[in-house]
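With the sequences and hints as input, model every part of the structure.
Chains as they are written, first to last, in numbering that gives the first Met the number 0: chain A, 0 to 437; chain B, 0 to 737; chain C, 0 to 159.
In case anyone wonders, no lab produced these hints; they're calculated from the structure. Fair warning: there could be bad hints in the mix.
Unchecked claim - Computed footprint of chain B on chain A; a stretch qualifies when at least three of its residues, placed anywhere within it, have a C-beta under 8 Å from a C-beta of chain B: (1) 22 to 29; (2) 71 to 81.
Claimed, not checked - Only part of the chain B face toward chain A is listed, based on derived beta-carbon distances under 10 Å: (3) Leu312; (4) Met616; (5) Ala731.
By construction, the Cβ of each residue, glycine as well, lies at the ideal position given by its N, Cα and C atoms.
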Amino acid sequence: MDPANHPPQPRRHARRRWIVPALLLLVLVLAAFVIMWRPAIAPQQAAPGFDPATIERGQRLAAVGTCAACHTVDPSRPFAGGLALATPFGTVYSTNITPDVRTGIGGWTEAAFTRALREGVSRDGHLLYPAFPYDHYTRLAQDDIRAMYAYFMTRPALDAPAPENDMTFPFGFRPLVAFWNILYLKKEPWRPDPAKGVEWNRGAYLSEALAHCTACHTPRTKLGGTDFKRHLDGGVAEGWYVPALNAKSPSPVPWTREHLAEYLRTGIAPDHAVAGGPMQSVVENLRLADPRDVDAIATYIHGYLAQAPVRQTRAAVPGSLPAPAAGDPDLARMRIGYDAYVTACARCHEVGREATSGAALPLQKAVALYDPDPRSLIHIVRDGIAPPDGEPARWMPAFGAILTDDQTAALTAYLRRYGAGQPQWEQIEDKVKKAKQP
Amino acid sequence: MSRTLQSPSRRRLLAAGGSLTVTFAIAPAWAQDETPLNKGKMPGSLEKEPWLDAWIRIDADNRITVFTGKAELGQGIKTALLQVAAEELLVAPARITLVTADTARTPNEGYTAGSHSMQDSGTALRHAAAHVRTVLGELAARRFGIGAPAVTVRDGAFQAPDGRRATYGELLAGQQLHLRADPTIPVRAPDGHTIAGKPMQRVDVPAKVTGGVAYVQDLRLPGMVHGRVVRPPTPGARLLEVDTAVVTRLPGVLKVVRDGRFLAVIADGEYRAVKAAAALARAARWDTPPTLPADPTPAVLVRALPAKPTPILARGTPGAAGRTLAASYTKPFQLHASIGPSCAVAQLAGGQYTVWTHSQGVYPLRDALAEMLGADKAKIRCIHTEGSGCYGHNAADDVAADAALLARAFPGRPVRVQWMREDENGWEPYGPAMLTAVRATLDPAGRIADWQYDVWSPPHNTRPGKAGNLLAATHLEKPFVPDTPKPSPQPEGSGDRNAIPYYVIPNARVVHQFQERAPLRTSALRSLGAYCNVFSIESFMDELAHAAQADPVAFRLRHLADPRAVDVVRRAAQRFGWDNYKKTPRRGRGFAFARYKNLAAYCAIALEVEVARDTGMVRIVRAVAAVDCGEIVNPDGVRNQIEGGIVQSASWTLLERVRFDERQILTRDWAQYPILRFNQVPERLEVDLIDRPGQPFLGTGEASQGPTGAAIANAVADACGLRLRDLPLDRARLRAGR
Amino acid sequence: MTTYHLRVNGREHAVDTDPDTPLLYVLRNDLQLNGAKFGCGLGQCGACAVTLGGEAVMSCLVPVSVVGERPVGTVEGLGNAQAPGALQQAFIAEQAAQCGYCIAGMMMRAQSLLANNPTPTDAEIRRHMMPNLCRCGTHMRILRAVRRAADALHGKGAKA
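Below is the structure:
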């Protein structure tokens, strides 16, 4: 053979060299496609009938699931969606879960509804963002899913297309969620703990599978999944700091089970602060749940809360908060904070007002002062805590436009030191500025 | 613009009142002998105050002052009365100064209440002004030496054809017309009106939108000091001890007052008074036994009170055959909830009390203060000074009593007392809880053949007059005891106001179960019993219509004989589009009609609501009202009152309930007692007025309260099938479905 | 007692008062400004609304000691009876008052909206005004007056 007529050896190697990676890539793409793609489920033409007892059970369960907290924005349009949820990956808008055929879930069969709750897949096959906590709902019993399906399919249908999400690149590409699901979606059925009683197990099931307490009360990983190893260690939700509910609980006054149940049902319990921020809508929903279920959740959570060591805190010291000490290294800022406290806060937060007219918790007992993070306190001061439309409740006014950023930061620092007597928070000024963004 | 006078014959004028006995030169004042003008009743408040110069005075420099015993409550009465007087006097309204209720200066027209102001004061002023204008015209004719018909008038001056002029002031030359009003003198014909009956901007609004001095809260008198009262923590509380010394030492405190359970502090600055009062509250120890009912449900609470049954209607015979329906309705205690808590300023100087107050009745208040203070009535002057809207008997009289007591304790300086929000919500007299029961029989033709209606109600009138009706007086060491309330007789009524249906029903019995006492202090709240009675009757009319398978509007028309009632019903239905209404999911329509007190304004309302059962939210999508209030003086004023009445009644109906436990009132602020906010007011609200020139003025300010409540309940029933009979139809009740 | 220097409606004032005195009382009693009214002292009704640094606040909750140099705006700064400002003219034209006690607070609440959002929708106006209460039921006229002022100030380009 003449060497000039043969192809050179390197070219043959080169061809072989890129075939393998190409094949690998193809395999990966196919695998990814398999992972990311879901089929559509055919829409139903007409909803089946449901019996009233099932519907009512579904209503109670939906209350525990706090569905309305995200899916109801305007109380005259229940479940029409439209709530903007800021996540580290962009802003997700909640969808219309009324049985409207065009803009809601009117065409969804029970199988489609179940798949959404268990796998986070929409009827037409697109993947839902885990802002919808299907990683919790996946553990629900089918009977409960069926009851909630009955409830939602019998709500008045409202025409309400969901607003467009505003995701940071590349998270707008939904199929990527499939990889998140591999890491964080554990599709195991619920198993009770035989070492624990009936009520604890009921509370555990409701809390983990339905009320999804840990979705806020447990920290998240960088990829936004629940960090299972740090169960109930606390977290962040909508810019608020969410306190730990276990041995790390910052609450200066220990919770009793009864007080926790009362708090979950009504939003207030003696010696504890009023539910504010995201917890407010949780409580508004739990108010409509079966009280026995709320008690069960309280039993379960209290099992962890009771592990918190009893500490001596300023909560036990009655009376006015003190003026800053003359030798305080941060005296200038403390004085500003103290002045703001005395003139703006003490009028309600110190003793002397009736419970029926403005009396508020003495701040040495307020858990927000004891959080490892000042964000909840900053939000409470800025935004206040207002009753739901047209319903009576406690009302703390908003001071966001009244106090300057510096005054808010100084007040925060003062309350941390002289209200709670805890080590000072870091970067308070920065967090005050960040709290202004909606 | 000139006017040719239409003057009655002089002969009639002279014959009517005896001779005009004085001339320009000699008489110190125009006077007339004392024989009464006519045997019949005088129109409006002229019956109580027949002398012209009590109502109208004209100074030599032609400035005109008109006096009314009524008070501006924000209902626009000052403007409307100005229009009436200006129309008859033929002057521009800007020429007139209107002086309102003042025990030293104005006629005594009792209370500004019950939608009586136009009927009482408007009518009196209209006739008095007509008489004054006529007398002046006669004087001008005499001065010019010409016949009266040749005289023309323009804006406060008469003119002869040759151009000679004489102003009203020149004609009277400083004298006043001490003549008895002659109601036979014709008033101006409505078709000639240029002021009354035309829109006129309210004279009080400019100051209110630019921060002018407009309210009793704005009064600043030289040397004025500030008082605050510390009320008992619960209605049944007993004061055990109080350390006033620690309060006396606080900055700015001038005096601490204690008289029995009445505790107060006076300071040189307002916020210092607020802080001192808080300190005084902390320095007091009270015994607070449970004194309030354990079950606050109106049906239970009201039923349990002793009642005196008074039949107010017994027509025909009972026992008609047919299909019988029955229902019972309730309303809770509700607040006036004035936006500005009550306020008064009082001063004791030279043995004379002066009280600036937004009380609805300065004369009765004066009597009560005289009794409480043990002083002579002649030594007390009460001057009405506008407060925020009161909507009935709120705490205005009580705070005046507080101020008078503090003025007595700290003589010489004016003392300003401002109630705090918790005081107002805790201590104002409430609109009473009420219970009604109705039973009716439909004949085979679908007409009501028999009707039985009972209404149980605590008092709707505990106004002063008597010192015991002033809150502070009941807390003194030697306390006064509240008067025994009495029901107001029909046709006005109190708890039984509008208890008699305006419909044609051949056999009907209505019984007013009057209850002398309630566990909470109650008194008049706008429309009194009419709100609950119309709510009940008009809800039940819908239930009957449904049973008769008749359209609710057609069913009402089937039972109405008064053509003016028929007109408003038809107008409201037509304007709403009742016959073409297409029901959509979650929405429904409701209708209601009433003639306030069965003798005042007619009001029909049609409205559409949207109901969200899951959250309990009820939203009024649109509301249409048709109103006939006789001859309209200020159309925009009428519209404003009806719109406002609809929105206020919607708030009562959808939200409001005084809550209490066995010891205390719980609804002390807006957080605990929410009222309607902008998110729940109707999307659209239209008021259609039917003007009846020449017809008597009909009271309008309270006409829309009752129909609104029923129209909402009827619309909710239409929207979601839920017939709710217990007010309020709040979110909790809508969620629960009962 | 401390001396505070306040800037109210564009003018400087020196006021001697206690640090915890709410701005409401300072405006009414020390500066004789009637606009802001006492309604509840709890920040629940808005009768006391003024602007602070351009934003509507409940002056009953603002201790005078935190105001500092931020400008305070009251209804008196919008115009007077002889020369009413645009918002005041709109309220007069619509006769948007019954007892009128809430109106000054309503106007300052509206003022903060119009200053930050010149072309509000009707829904935005309604939502923005929610912190303010009216007991007489004048709401429809108040909404029309704010709408009218917005249109007058910024032209009828408002979004539907």
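Consistency of the hints with the structure:
no. : hint     : in the structure
1   : 22 to 29 : violated (count 0)
2   : 71 to 81 : holds (count 6)
3   : Leu312   : violated, 38 Å
4   : Met616   : holds, 4 Å
5   : Ala731   : holds, 7 Å
Hint check: violations occur at hints 1 and 3; the rest are consistent with the structure.
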